[in-house]
Amino acid sequence: MAVIPRDQGHPYDENDPMERIMFLQHGVAEPDSFDLIDRAGIVNPILLPQADGSPQPTDRRVSLLTPDTVAALQATLTPGSAPESYTLPTPDRIATPDRSFARTNVHGLTVPVPYPTKAGALAVEVWGFVDPAGAIAPWFPGTTIRCKEGELVHSTLLPKKGSHTIHHHGIEPTPMNDGVGHATFLVAGGGYTYQWLAPDAGTYFYHCHKNTVLHFELGMYGLLISDPNVPNAPFIDGGPGAVYRGNTIRNYHKEAIWVLDDIDSRWHETVQPQHGVGAGMGGTGVGAEFTTIGQNTGIELHRFEPDFFVVSGVFADPASQPKPNLITNTLVSPVMNRGETLLIRTLNASYTVVTLKFPSQIDPEVIAMDGRTFGRAPFMSYSRPFKLSTQNRQLTFTTANRWDLLIDTSSVPSGTHFVDAEFRHWRTNDLLRTVTMQIVVNS
Amino acid sequence: MSINRRQFLKIASSGMAAVAVGAAGGYNLFWRDGEAMAATPTLILSMEAALMEMSDKVQLPVWVFQKGGDVPRCPGIAIFSVEGDKIDIKITNNLTVRHAFFIPGVVDSGDILPGQTVTVSFNAPAAGTYMYYDNSNAPMNRVMGLHGPLVVLPRIPFTPYTNPPTSMQNLFNDLGRTSHFPGSPWDPARNWFWFLNSFDPIKNAAAAASPSMSASSFTNGYLSQYFTISGKSGFFSSHDHNIRLSGNVGQPCLVRCMNAGLITHSYHLHGNHAYQLTNSDFDKGTTVVSDNLRMLDAWPLAPLQGKDMLVPFIQPPDIPKSKWPPVQEKFPLDFPMHCHTEPSQTAAGGNYPHGLLTHFIITGPINSADGVVQVTKAEVRLKFGKLSISGVSSQPVGTILEVRAGSGASDTIIGTTTVKSGGTWAFTGRALKTLVNRSLSVTTQGGGPQRLDVRPVMR
Ligand SMILES: [Cu+2]
Ligand SMILES: [Cu+2]
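Each protein sequence line maps, in turn, to chains A and U. Under the numbering used here, the residues of the first sequence are numbered 187 to 629, in order. Under the numbering used here, the residues of the second sequence are numbered 250 to 708, in order.
Don't read these hints as lab results, they were simulated from the structure. Just so it is clear, the structure is predicted and the values come from calculations on it, not from any experiment. Fair warning: there could be bad hints in the mix.
As the list claims (entries may be wrong) - Computed list of chain U residues with no C-beta within reach of chain A, every gap over 10 Å:
hint: 1; residue: L300
hint: 2; residue: V320
hint: 3; residue: V367
hint: 4; residue: S385
hint: 5; residue: S416
hint: 6; residue: S459
hint: 7; residue: H488
hint: 8; residue: P566
hint: 9; residue: P569
hint: 10; residue: V646
hint: 11; residue: T648
As the list claims (entries may be wrong) - Quick partial rundown of chain A residues pointing at chain U, CB under 8 Å, derived from the structure:
hint: 12; residue: Y198
hint: 13; residue: A288
hint: 14; residue: L581
hint: 15; residue: T584
As the list claims (entries may be wrong) - Computed Cβ-Cβ distance ranges for the label pairs, DEER-style:
hint: 16; chain 1: A; residue 1: D254; chain 2: U; residue 2: P645; range: 42 to 50 Å
hint: 17; chain 1: A; residue 1: S629; chain 2: U; residue 2: K533; range: 19 to 27 Å
hint: 18; chain 1: U; residue 1: G695; chain 2: A; residue 2: D254; range: 49 to 57 Å
hint: 19; chain 1: U; residue 1: P645; chain 2: A; residue 2: D606; range: 57 to 65 Å
Just so you know, even glycine gets a beta-carbon here, dropped at the ideal spot from N, CA and C.
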């Protein structure tokens, strides 16, 4: 029977060393920041010297950086020094940023859960990001990065427990500053400073992009907000603050942050502890770059069956009162005085399809998606904000989508209004959980 | 990875292995550097069994639509046509149970029995993106691989649609012609497909062993191990010119996103946000062409959903302006596009990132050699025998354009015009020859990278 090859029409030659290195660096041998300074610094069985003793070409270094830059990096190297002592310099670095952040990753800490996990525990390990100069808790989701549109930002990752990255999601800098392991490099040793301009005002997030399937699920993410360039910005999470509506600045009194996530406790208590942070990253050794489905028994990162549902770090509890799975934390479920304006920033950080359903008393206006404001010149002049009532007061979104909703409470009756978030399985569309947020309006 | 220039150009001008169907009169599509996709009057397809190699070399049984004289592919070959043209497709079922060829709202072959050949004829529907697939024993036969894209172009492909809503018309008017979109207008040859499917090896083996098994036993307990974009995964989809996007700043492109599989995905593009132009339901056969254009970095795609996205190829906006073009980093700037519902990034339960992902490559800053000619209006007034044609071009002012009657080797120059300041051009002439040939082409005098073919409107 005819075979459709995996490289149909675009042949991959395993015997061509350059192609082979490209192939390996895509998956099992993603270079880290130290490898970009000096290949010889890494011990990776696949990248050991070739049979004739000559070093393997490091095409990632050569494909990312100009030859002069590579030579300058190598000149910084002291023979025999350990990778941990090196910080990869940021290419095309501007010495004086307008704003700087630092993040390190948190691991090994657990959070309590309202009912037993798959292994019967009442706590689950989650990872996260914090400012190394600040407090450790809360770390899940990670401490918000908040900047002002147009600022030059330096965001430094100081990794712990192996290598990680930060991808500032929705922000569009150069590849070296984009934080994608398989496309560029993982941050090891002394860290790396990502350089970018604070993007169009709106809602973004940041997350680790190493073995993303696992590290993102384990909790390595936080919100990133770019505020308009107005006095007092950047603002404090929760409000008050200001946003663009079209080309106009609108003030809001309160800001609700709905970061929707789901957790498969198997991934946290079995996959990661038993198989390590590299679980699911493939095999090692020439000719064994892939693991088989049999070798991945117990890892199975294609099998995601969440048993916990979380909004901005708060676990939904089916036993909660007065409604099951009601989140009452005021950063999620605000209390408003009638007439005030509420901004809701919502992010789907889960691996499920989520539908938000607003009650008939509330008709939010959708003012932005994915950090792009409807009606704002020039790039969004082909659009305009719209009321959620034009789509049954519902929105359905998938992983990484952000919707910004503006609610003028002067037309909302006083009382407690419930907004449901339905989490549905990506394959079966089965309803896994309905979590409820509330908006309280006092007259 | 060595690919010669000729192959590259062919690929670059269609975004997938492709065939043009319909069109009498030697009409051609997508000229670029002397390469054209020539139309065939009748398309021959057969339904075949094949083995499909996954990124880790595991082979799975699949069923595919195979073009006569071609190798098997999954998805099947991309069919291109022009709105209103008659399309004839002759389909032979070389499988062991009945199958069908179906485009919702357009054509339905009904049962094609094993060994039977059926010819379906239909007129190419409204310009846009369609999915052809086997709707029998749904969704099993489709998910087993019997699917592919149909693209219908408007007679004048200034946008991908006929009479688009105002906001979309404004967007295409602005490409290459405003300060926020420096570069060129959209070139209809800059067209790609991101066509999704997934594979559960256990289910594929079961269906191959008993092709008449019920669709519900196929879908019950379905657990995908492999996730493909235009038939490939991981390294292979990332480095295939057919799948990964490439171009200089100022070369906007269209990506037709389609999902034949069973899983709701979430495409995420790095480097640029993209405009969502359409939303299609390939189950009901409906498409909404948007008048309120979202600019997204992530967009959902449910089973049998389609979205046409315009990637503007702007300078990545969050690079400090004083560091453009970069000095220490070098071109090409290589960004990923991946599904953000990350279990789709795996193969065989692990092997990250060998799932549903590809790349988006910015090969360089704006290059004046990338000039594009576009037609905004072409009409023949039958009563006066008069042809008027006008458009825009990102070539330098004074560039001489040749207007040709006909399309292909036998065309003749009927006149010339020049690109004016503001990037516009216009030509008026006698219509006789164009009436005979029913098509017109516009080329740059002395040779240029592009040649644009249009069908004038008869009035
Ligand atoms: Cu990480
Ligand atoms: Cu992301």
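Review point. Which numbered conditions among the earlier hints are violated in the structure presented, ordered from lowest to highest?
Key: 1, 2, 5, 7, 8, 9, 13, 14, 16, 17, 18
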